[in-house]
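Asker: Each protein sequence line maps, in turn, to chains X and B. So the first sequence is numbered by the numbering used here: it starts at 6 and just counts up by one. So the second sequence is numbered by the numbering used here: it starts at 29 and just counts up by one.
Treat the hints as calculated values from the structure; they're not laboratory data. Yeah, the Cβ is synthetic: ideal placement off N, Cα and C, and Gly gets one too. Check before you lean on any hint, since a few could be wrong.
To be verified - Every beta carbon over 12 Å from chain B, so not counted as near; a handful from chain X, in silico:
#1 41
#2 75
#3 107
#4 111
#5 112
#6 153
#7 175
#8 193
#9 247
As the list claims (entries may be wrong) - If we take Cβ atoms under 8 Å as the criterion, some of the chain B residues that face chain X in the derived model are:
#10 134
#11 308
#12 314
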Amino acid sequence: MGFGPFLLLALLEGTVAAAVLALTAVGLSLVFGVMRVVNVAHGEFFMLGAVVAWFVAAAVPGHAAMGFMLALVVAPLVVAGVAALADWLVLKRLNYDPEATIVATIGLLYILQQSALTFFGPTPRPVEAPFTWRIQTPWFGYSGYKLFVVLAAIAILLAVWAFMTRTRAGLVMRATQVDRQTARAFGINVDRVYAGTFALGAGLAAVAAVLVVPVSQAHYLMGGDPLLLSFIVVIIGGLGSLRGTLVAALVIGLGDGVISMFFSPTLAKIIATLLVALVLVFRPQGLFGAKA
Amino acid sequence: MSVTGKIWALHLGVLVMLAVAQAVLPAYHANNLARIMVLAVFAMGYNIAFGYTGLLSLGHALFFGFGMYGMGLAVWQVEWTFFPAVVLGLLAGGASAAAVGMLALRTAGVSFMIVTLMFAQAGYLTVLYFNQYTGGDQGFAVEAFARQVFGYDLAQDTPRAVAAFVLFAVALVLNLVLVRSRFGRVMAAMRENEERSRMLGYDVFHVKLRVMVISGLYAGAAGAAFGVLFGYVGANFATVQYSILPMLYVLMGGAGVVLGPLLGAVVMFYLIDIASGLTSAHLLVVGVALVVLVLFAPRGLLGMVRERWLPWLP
C-alpha cells in the first residue's frame, strides 16, 4: 500500500475518531459552560453507556440491529438518569463549588468504574454492529458502519445545536450559563437546569459510546482515553465554547488519527497533553475561543 | 504546659508510638507501617502545598515519579550507590516541581488543577514512551548493591523499618518547624487571602513557587525512598492515581494539620487493604471516601478534632 491510500485510511480513521470525540467533548463542554463544573467522571459516563449497551444488546434476541437500536435509546437514558442522580445527591449539595466538585467527580469516577468492574467484570465484550457491509476501495475494504457512526454523530450534533438555539429549554440553559443569579431572579429553576444539563452532557457521552462500541469493545477501563481527549478538545477549543469544541474535536481527532498512524500513539498523547497545559497557561480562552 | 511545649510533646509522642509500633507489631503490619510512613511523607508534601498554601494540585504523581525514577535510573543506568541515588531522587522531585510551578502557578483554581494534571499525565506517558530506558510499564527492580546502607540490607524488614521511620521523623519535624515559622504564616496568608497578602507586599508567585519546590522535595524523597526500600520502580507510580492518593490522605486526615497525612494514610491504607480482601473492585473505597469527605467532612478527621477540642493543633 502506497503513501496515498495509507493517508486516506488514516484520515478515515481520524474522521471516525473526531466524530465520536466531538459528541463526547460537547457533553463535557456543555456541563462546564452552563454549570462551571469540570466533570472528571465524564469518561465513566462514556464507559457506562457502552456497558449498558452490551447488557441491552445481550438481552434482546433476534437480529443484531434490534438490540443496537434499542441500546442507542436505552443506554443514554440510563446514563442520563445516573448523572441526574449524581447531580442531586452530590454536586448540588456542594453548591457547585468548582474545586470541591472536581474532587467529588474524581470520587464518582472511581465509584462508577469499580461498580462496572463488579457487575460487568474485567473482560472486554463486544456488541455486534447492526450491519456489516463494507465499502471496497481499490486498496482496502472499509467498514460501512464506521461511516454510519460519522453520519449519526453529525445528525446528533445538529440536533444539539438546534436544541440549544431554537428551543425554549436551550434558551433557558444559555441564560443560566450567562448569569445564574439573574436567571434565578427571572423565575428559572436553576437546580432543574443544572440537573438537566448534567444529564444531557452524560447522555451525549453515552450516545458516543454506543456508537463506538461495535468497532471497539465495552470494558470497565475504557473511560480514560475519551476523558483525556475530551479535556484536551474542550480546553483547546476554549472552555465553554461549543463552536470551539467542535473545531478542536475535528483538529485533534484527525491529528490524533494521523499522528498515531505514522508515529506512536503515546507520542501523540504526550504532545497533546503538553499542548493543553501550555494553552491553559498562555491562552486560557483556547486557541479557537473568542477573547475572554 | 505552654502551647509550644504541648505541640512538641504531642508530635514527639507520636514518633515514639510509631517506633514502638514498628518494634512490637507482627511482620505483616510492621511492613505496612513502613509503606504508610513513606506514603505519609509524600502526603505531607502535598499537605504543605494544599493544606497550608491552598494549592490544589492534581499532578503530584509527577514529583513522586521524578523522585523514584531519578533514584532508580541512577542505580540502573549508571550504578550509583544508595546515598547519591536517593539524593538525586530528592533533588529531581524538587526540580520537577520548580519547572511545573513556573508555568502552572500562572494559573489558579480549576486551571491550576488541570495544568498540573496534564503535566503529570505527560510525564507518565513519557515513561512509557522511552521504555527501553525506563522499563516502561514493566518497571525494573532496584539492584541489591544500592540497597546497602552502613552495612545493613534494606531488603530485610528491620533495616527497612528503621529507614522508613528515620525518613518520616525528619520529614515530620521539618514540616512542623516550617509551618510554625514566619514563612509558614505567609503560606497560610496565601491560602486565606491572596489579594491581601499581595497588598501587604508579599510576592505571591515567589512564595507559591517556594512552596511547590518544598512540596516537590517531599514527594521526591518519598518516591526515591519507596523505590529503594521496596526494591521496585514502575510506571504505575506515576499514574493519576498517585496524584489522587496523597490528596485523599490529606482530606481524610485533615488538610492543614501536620499529623493529618499520617492519620489519613493509616486509615485509607487499611480501608483499601480490607476492601481488597473482599472484592477485586477495592478502589471503590477510594471513590466513596472522596465523595463522603468532600460532602460531609471537608476538614477531615484531625480538622474536626482541632475545631472541637484542640484549637492549638498546628
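Asker: Checking hints one by one. Is residue 314/B an interface residue toward chain X, by the C-beta closer than 8 Å rule?
Answerer: holds, 5 Å
Asker: Could you let me know if the closest chain B CB is still more than 12 Å away from the CB of residue 41/X?
Answerer: violated, 8 Å
Asker: Against chain B, does residue 175/X hold up as non-interface, every C-beta pair farther apart than 12 Å?
Answerer: Residue 175/X clear of chain B: closest Cβ-Cβ about 25 Å, beyond 12 Å.
Asker: Over 12 Å to the closest beta carbon of chain B is the bar; see if residue 193/X clears it.
Answerer: holds, 25 Å
Asker: Is it correct that the beta-carbon of residue 153/X has no partner in chain B closer than or equal to 12 Å?
Answerer: Answer for residue 153/X: holds, closest chain B Cβ roughly 32 Å.
Asker: According to the definition I'm using, a residue is off the interface if its beta carbon is farther than 12 Å from all beta carbons of the partner; does residue 107/X meet that for chain B?
Answerer: Violated: least Cβ distance 6 Å, not greater than 12 Å.
Asker: Holds or violated: residue 308/B as interface residue toward chain X, Cβ cutoff 8 Å?
Answerer: This hint holds: residue 308/B lies near chain X, its Cβ roughly 6 Å from the closest one there, short of 8 Å.
Asker: Please check whether the beta-carbon of residue 75/X is more than 12 Å away from every beta-carbon in chain B.
Answerer: The assertion about residue 75/X holds, with a minimum of 28 Å to chain B.
Asker: Would you settle whether the hint for residue 134/B is holds or violated, based on the nearest Cβ-Cβ distance to chain X being less than 8 Å?
Answerer: holds, 5 Å
Asker: Minimum C-beta separation from residue 111/X to chain B exceeding 12 Å: can you confirm that?
Answerer: violated, 6 Å
Asker: Run the C-beta distances from residue 247/X to all of chain B and say if the shortest one exceeds 12 Å.
Answerer: Holds, because the least Cβ-Cβ distance between residue 247/X and chain B comes to about 19 Å, which exceeds 12 Å.
Asker: Checking the smallest CB distance to chain B, is residue 112/X really beyond 12 Å?
Answerer: violated, 3 Å
In this structure, the earlier hints numbered 1, 3, 4 and 5 are contradicted, and the remaining ones agree with it.
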